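Asker: Those protein sequences? They're chains A and B, same order as listed.
If you count by my numbering, then the first sequence holds residues 1 to 245, one letter each, in order.
If you count by my numbering, then the second sequence holds residues 1 to 324, one letter each, in order.
It should be emphasised that the hints constitute simulated quantities derived from the structure, not laboratory data.
If you're wondering where the values come from, they're calculated on a predicted model, not measured in any experiment.
Just so it is clear, CB atoms sit at the ideal spot from N, CA and C, and this is done for glycine as well.
Just so you know, not all the hints are guaranteed correct.
[What the hints assert, rightly or not] Chain B side only, calculated, beta carbon under 10 Å to chain A, not exhaustive:
1) Q67
2) L68
3) D196
4) L229
5) D241
6) V286
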Amino acid sequence: MKILVCISNVPDTTTKIAFTNDNATFNSAGVQYILNPYDEIALAKAIEICEGGKGTVTVINVGESTTDPTIRKALATGADEAVRVNASPRDAWFVANQLANYAKDKSFDLILTGRESIDYNGTQVASLLGELLNIPSVSISKKIDVQDGTATIEREIEGGKEILSIPLPLVLGTAEGVAEPKIPNMRGIMSARTKPLEVIEAIEVPVLSAIEKYESPSPRGAVTLISAEEPDKLIELLHSQARVI
Amino acid sequence: MSVLVYIENTEGSFKKSVFEVISYAKATAALLNTSLTAISIGNVDSSELESIGEYGVSKVLTVDNEQLKTFNNQAYASIITQAVQKEGADVIVFSNSFSGKGLAPRVAAKLEAAYAGNVISLPEVKNNGLTVKRNVFSGKAFAYTELTAVKKVIAINPNSFELRPNRESVSIEEFSADINQSDFSSLVKEIIRATDKVSLTDAEIVVSAGRGLKGPENWNMIEELAEVLGAATACSKPVSDSGWRPHEEHVGQTGITVSPNLYIAIGISGAIQHLAGVSASKTIVVINKDSEAPFFKVADYGIVGDAFEIVPKLIQAIKDYKSK
Numbered sequence: 001m002k003i004l005v006c007i008s009n010v011p012d013t014t015t016k017i018a019f020t021n022d023n024a025t026f027n028s029a030g031v032q033y034i035l036n037p038y039d040e041i042a043l044a045k046a047i048e049i050c051e052g053g054k055g056t057v058t059v060i061n062v063g064e065s066t067t068d069p070t071i072r073k074a075l076a077t078g079a080d081e082a083v084r085v086n087a088s089p090r091d092a093w094f095v096a097n098q099l100a101n102y103a104k105d106k107s108f109d110l111i112l113t114g115r116e117s118i119d120y121n122g123t124q125v126a127s128l129l130g131e132l133l134n135i136p137s138v139s140i141s142k143k144i145d146v147q148d149g150t151a152t153i154e155r156e157i158e159g160g161k162e163i164l165s166i167p168l169p170l171v172l173g174t175a176e177g178v179a180e181p182k183i184p185n186m187r188g189i190m191s192a193r194t195k196p197l198e199v200i201e202a203i204e205v206p207v208l209s210a211i212e213k214y215e216s217p218s219p220r221g222a223v224t225l226i227s228a229e230e231p232d233k234l235i236e237l238l239h240s241q242a243r244v245i
Numbered sequence: 001m002s003v004l005v006y007i008e009n010t011e012g013s014f015k016k017s018v019f020e021v022i023s024y025a026k027a028t029a030a031l032l033n034t035s036l037t038a039i040s041i042g043n044v045d046s047s048e049l050e051s052i053g054e055y056g057v058s059k060v061l062t063v064d065n066e067q068l069k070t071f072n073n074q075a076y077a078s079i080i081t082q083a084v085q086k087e088g089a090d091v092i093v094f095s096n097s098f099s100g101k102g103l104a105p106r107v108a109a110k111l112e113a114a115y116a117g118n119v120i121s122l123p124e125v126k127n128n129g130l131t132v133k134r135n136v137f138s139g140k141a142f143a144y145t146e147l148t149a150v151k152k153v154i155a156i157n158p159n160s161f162e163l164r165p166n167r168e169s170v171s172i173e174e175f176s177a178d179i180n181q182s183d184f185s186s187l188v189k190e191i192i193r194a195t196d197k198v199s200l201t202d203a204e205i206v207v208s209a210g211r212g213l214k215g216p217e218n219w220n221m222i223e224e225l226a227e228v229l230g231a232a233t234a235c236s237k238p239v240s241d242s243g244w245r246p247h248e249e250h251v252g253q254t255g256i257t258v259s260p261n262l263y264i265a266i267g268i269s270g271a272i273q274h275l276a277g278v279s280a281s282k283t284i285v286v287i288n289k290d291s292e293a294p295f296f297k298v299a300d301y302g303i304v305g306d307a308f309e310i311v312p313k314l315i316q317a318i319k320d321y322k323s324k
């Protein structure tokens, strides 16, 4: 069983998001970067499937050398080897093309990635990758079971779920609940230093879109407090003032 | 040059979010001075198809057969791509629904189109293309993305664009798309849907609760409040991590980003990660016994007090109000 896990490096969840350059660039000064939480779930699932020598887990990242610590963390968690495509992850189309170019001749049985990255929330990479490799994809999987060359997936839909049966190979975007993220132990951290981390060059990919500028949400006004003794006043205000009921 | 809008059916009918997408696509076509065609895949009867005329669609392509009755992103993407070629469409609009998220990027890849998801307002037409505003950083910011490729795919968030009635009479055209059997390796074995529950991502009103509720056994009043308001239920991360509520209810940076008209937060302190997921709510109500809870800083309305006393009174007040 050969599994590829696609990971990205994102600002941690406590980051106060700010912009510089007249709002054209994300201000990364002082920002802590972490392994994208949904990718941690993908990685944990891959390791679980391959446990007991049943397969190998390769992690791949598109990033500059600043993402190496995050890649080493994935190795420490239990991935067997890593690849970094040496380029700034310009956008999902760029990243998906790098991943497809790497994966296309390697016969992976399963490709896992988080459903979205918490910075740009595109939910694109799993689907783009599936299309570029001409294999099935499920962008938001809540449960994954792999048996005898077939994956049984729970796909999230409004108000429920769909149970799918899909033959390998395929690409899956993992959501919360697929697996518990693993915490690297001491042995994992030690072995991560010697596990292979191959750096490869990026291919050219046409630019289809670009972020022109960012904007922070406008702050809300002060809160109107209502007494705990008179909650019906809240209903009145929600109806006549806020007009939401 | 035209605009093509994919209209997703849920068991043969169109939800409100689909009419929002149609309104958006119609307004976009008007901006570009071009025409709008819709495409529907699966089993939808003609009276349901005609209902889209209310929002300005005059032509809908329909594709249906046994295999297409259930969602299949590969097959649907192939068909939509053929419709794009047939109609000469340059802009393709989708709803950013769960199915839309798995379908629209595959269409974009087939067309080598520029793609923007989580879009929340109409595009601006610029020299090099269209610029759209979308949510980024899990609700903490917006990005203006310029789509410069010739073909553009836009997926808009539910409840982010208003319905714009614009009645036209609809002509329904059966579209005989080429069907590739190789697109059908994925099989739908079962669909499980709780039809009485309001879906969180589409919801206009959300009732959410956190650790202040102390345990899963106390959630009856939350569900009742949601029921009297016709609302969806949601929760904070510690609540779903503890297994008190399912993951699908987790709102926050590493959960769902919601955009309801009204978000009621009960017993949630308001950590920055949770606030990210609710920042797009039009009105926020916070009920918490701690007056220092950070959530009050972003609330429009607040009640400081014990949720176990306040929520039952609110439920009664709403019932009284609704009976008038």
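Asker: Each hint needs a verdict: does it hold in this structure or not?
Answerer: Hint check:
1. Q67: Not OK, violated: B:Q67 not within 10 Å of chain A, min 14 Å.
2. L68: Since the shortest Cβ distance to chain A is 15 Å, the answer is violated.
3. D196: holds (9 Å)
4. L229: holds (7 Å)
5. D241: holds (9 Å)
6. V286: holds (7 Å)
When held up to the earlier numbered hints, the structure conflicts with 1, 2 and fits the remainder.
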